[in-house]
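Using the sequences plus the hints, can you model the full thing?
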Amino acid sequence: MTNLLEVENLTVKFPTRSGMFEAVRNISFSLGRERLGIVGESGSGKSITGRSILRLIRHPGILEAKRIALEGEDLLTKSEREMRKIRGHKISMVMQDPKFSLNPVMRIGDQICEAYRLHAKASKAEAREKTIKMLEAVLIRDPERVFNAYPHEMSGGMGQRIMIAMMLIPDPQILIADEPTSALDVTVQKEVLEIMDKLVRERGMGLIFISHDLNVVSAFCDRVLIMYAGRIVETCQADKLHEAKHPYTRGLLNSLPQLEHPVDRLAVLQRD
Amino acid sequence: MALTTDQEQRKRRRKSSFSPWIMGFGRVAFTVAITMIGLLFITFIIGRVMPIDPVLSIVGESASKSTYDEAYRQLGLDKPIIVQFFIFLWDVVRGDFGESLLTARPVLDDLIRVFPATLELATVGTIIGVGLGVPLGVIAAVKQGTWIDHIARVVALIGYSMPVFWIGLIGLLVFYGKLGWISGPGRLDIFYVDIIPTVTGMILIDSLLAGDTSVFWNAVSHIILPAGLLAYYSLAYISRMTRSFMLEQLDQEYITTARVKGLSEHAVVWRHALGNVKVPLITVIALSYAGLLEGSVLTETIFSWPGIGLYITTALLSADMNAVLGGTVVVGLVFVCLNIFSDLLYKFFDPRAK
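As they're listed, the protein sequences go chains A and B.
Positions 1 to 272 (the numbering used here) are the ones given, in order, by the first sequence.
Positions 1 to 354 (the numbering used here) are the ones given, in order, by the second sequence.
Hints may contain errors.
[Said to hold, decoys possible] To spell it out: a stretch of chain B is covered by chain A in this simulated footprint if at least three of its residues, at any positions, have a beta carbon under 8 Å from a beta carbon of chain A; those stretches are:
1. 267-281
2. 311-320
3. 340-351
[What the hints assert, rightly or not] As a list, the in silico DSSO-like pairs of lysine-lysine whose alpha-carbon atoms are at most 27 Å apart:
4. 99(A) to 278(B)
5. 143(B) to 78(A)
6. 85(A) to 133(A)
The set of hints was computed from the structure by calculation and includes no laboratory data.
Backbone N, C-alpha and C define an ideal beta-carbon position, used for all residues, glycine too.
Take a look at the structure:
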C-alpha cells in the first residue's frame with residue numbers, strides 16, 4: 001500500500017516567556033488509505049499535529065520537520081499560494097464544535113458553495129446543485145431549506161454534518177477530524193461518525209481521527225497512535241488496543257470506567 | 001407527507017409574520033414617544049429654572065410694570081408649571097417652537113435652515129471617516145504588532161488628541177491661505193449663493209438636482225476641509241474599534257475553517273472576519289455619526305458653517321430659550337432615529353438577531 005501522507009521528525013515549538021515550549025516533539029508517522037486514530041489527553045499535541053499537516057500553525061508557533069509528504073510531494077517546500085491549493089482540495093479538516101467553526105453570518109449554502117467553487121471552477125448553479133447533493137449525502141433532510149439557513153438555526157449534530165459536507169465537497173484525499181464528536185450530544189455522536197465513516201470509505205480517503213475517547217477510536221479506526229507530552233508513545237492496531245504495552249496507554253485504559261467490572265475508585269494516571 | 005406539513009407550517013408562519021411587524025412598530029413608536037416626552041420635560045424644566053427672565057429679555061429692562069405683567073400673562077407664565085409644560089408639549093407637537101429672539105423668525109424655520117448644513121457636513125465626514133477608518137482598522141489588526149499597526153495607532157492618537165480649532169486653523173492657513181487649493185469658510189462663495197433652488201437644504205444634493213456642477217464643485221471645495229477634520233476625528237475612533245473587533249474575530253474557529261478550505265487571506269479577512277465585525281461596527285458608526293450631528297461647535301465656528309451646533313451655542317449665549325429648546329428637540333430626535341436605524345441594520349446584518 002502506498003502511503004498518502006508521510007510525516008518525518010515533526011516538531012512544533014511555541015516561544016514563551018520561560019523559553020521554547022515544544023508542543024510536538026520529533027514525531028514521525030505515515031497514513032495510507034486507512035483510518036488512523038490519534039489519542040491522548042488535553043495538551044498532548046494531537047490537535048497541533050493535525051494542524052501542522054495543513055501548515056496552519058498560528059504566528060508565533062514554529063513548525064519544523066524533515067518532511068511532510070503528500071503522495072511523495074513535500075509540503076514544506078511549497079509556497080503559501082501552493083499550500084492554499086492543497087488545503088481543502090487535497091487535505092481537509094473537520095473541527096470540534098460546529099457552533100464556532102461555521103461562520104455565523106453566512107448562509108450555510110454559501111459557505112459550502114464557497115469551498116466547492118474555490119477548487120472546482122464551477123458556475124453558481126452547478127455549485128448549488130452539488131451542494132444540495134452533498135447535504136443529502138450527509139443525511140440532511142430538506143437540504144433546500146438548510147441551504148438558505150444560518151448556522152445558529154441548526155442543532156449540533158446537523159452543524160457537524162454540514163461541516164463534513166463542506167469539507168468533503170472538493171473531494172479531498174485526506175480528512176483530518178479533530179475531535180469531531182466531542183462537542184456533540186452522545187445520542188448523535190454515533191450518527192455523525194457513521195456518516196463520516198461511510199463517506200470516507202466510499203471515496204477511498206485517508207482519515208486522521210483525533211480524539212481523547214479511547215472507546216470511539218478503538219471501535220472506529222484501523223490503527224491508533226497514542227500521544228503523550230508531544231511524543232508518540234505507542235502505535236498499535238485499533239482492535240488490539242486493549243493489549244497495549246506502554247505504561248501510559250495502560251494507564252489511560254485503566255482510567256476508563258467499565259460496565260462489566262465496576263470499581264469503587266477509578267485509576268488515576270501516575271505522572272512522574 | 002412530511003413535506004406537506006412542512007409547507008403548511010411555512011405558510012402559517014408567513015401569515016402570522018404580519019402582526020409581529022405591527023407589534024414591533026408599535027413598540028418602537030411607544031419608546032420614541034416616551035423618550036421624546038422625557039427629553040422635552042427635562043429641557044423644559046432646565047429652561048424654566050435657569051436664572052433668565054424670559055419676560056425681561058422680550059420687553060427690555062426699562063419697560064413699565066403693566067407692560068411687563070401683560071407680557072408675563074401672554075407667555076402663560078402665570079399658569080402652574082405643569083400646565084405650562086403641556087401647553088409647550090402641544091405646541092411642539094404642532095411644530096411650533098415659538099420665535100427666536102435673535103433672528104426674530106420662527107425657531108422651526110431656523111432649524112429647517114441650519115440642520116441640513118450640519119447634516120451635510122456630518123454625513124460627508126462620516127462617509128470619509130468610515131471609508132478610511134474601517135480599512136485602516138482591519139489592516140492594523142491583520143498586521144498586529146508590526147510598524148503598520150504602530151503607524152495606524154499614532155494616526156488615530158493624533159486624531160483623538162489634537163484640538164480641532166488648532167488643526168482647523170492650520171488647515172485653513174495652509175490649504176486656503178498659502179496653497180489656495182480649497183475655498184475658505186462658509187458653505188459657498190458669495191456669488192454662488194442663492195443660485196440654485198433649495199430642496200433638501202444640502203447644497204451638494206441641491207446643486208446636483210439642479211444640474212449645476214459649478215455650484216456643486218464650489219460647495220465641495222468648501223466642505224472638504226471641515227468634513228475632512230470631522231472625518232479624521234471619527235476615523236480615529238472607528239479605526240481603533242474596528243481593530244479590536246477584528247482581532248477578536250480573527251481568533252475564532254470559523255476563521256480556521258475558512259483557511260482550511262483553502263481561501264486566500266484576503267477572503268478570510270475581508271469576507272469572513274469583516275462580515276462578523278459589521279454588526280458591532282454599526283453601533284460604533286451610529287454613535288460617532290450622532291456625535292457629529294449634534295453639531296460640532298468648534299468646527300462650525302472656525303469654518304463659519306451655519307449649522308445647528310453654532311445655532312444652539314449662539315442661542316444659549318444670548319438667552320434665547322425658544323431656540324435652545326428647539327435645537328435640543330432636534331438633537332434628541334436625531335439620536336432616537338439613529339438608534340432605531342442602527343437596530344434595523346442590526347437585524348439586517350445579523351441573522352441571529354431576527
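Against the structure, the hints:
no.	hint	verdict
1	267-281	holds (count 5)
2	311-320	violated (count 0)
3	340-351	holds (count 3)
4	99(A) to 278(B)	holds, 19 Å
5	143(B) to 78(A)	holds, 23 Å
6	85(A) to 133(A)	holds, 23 Å
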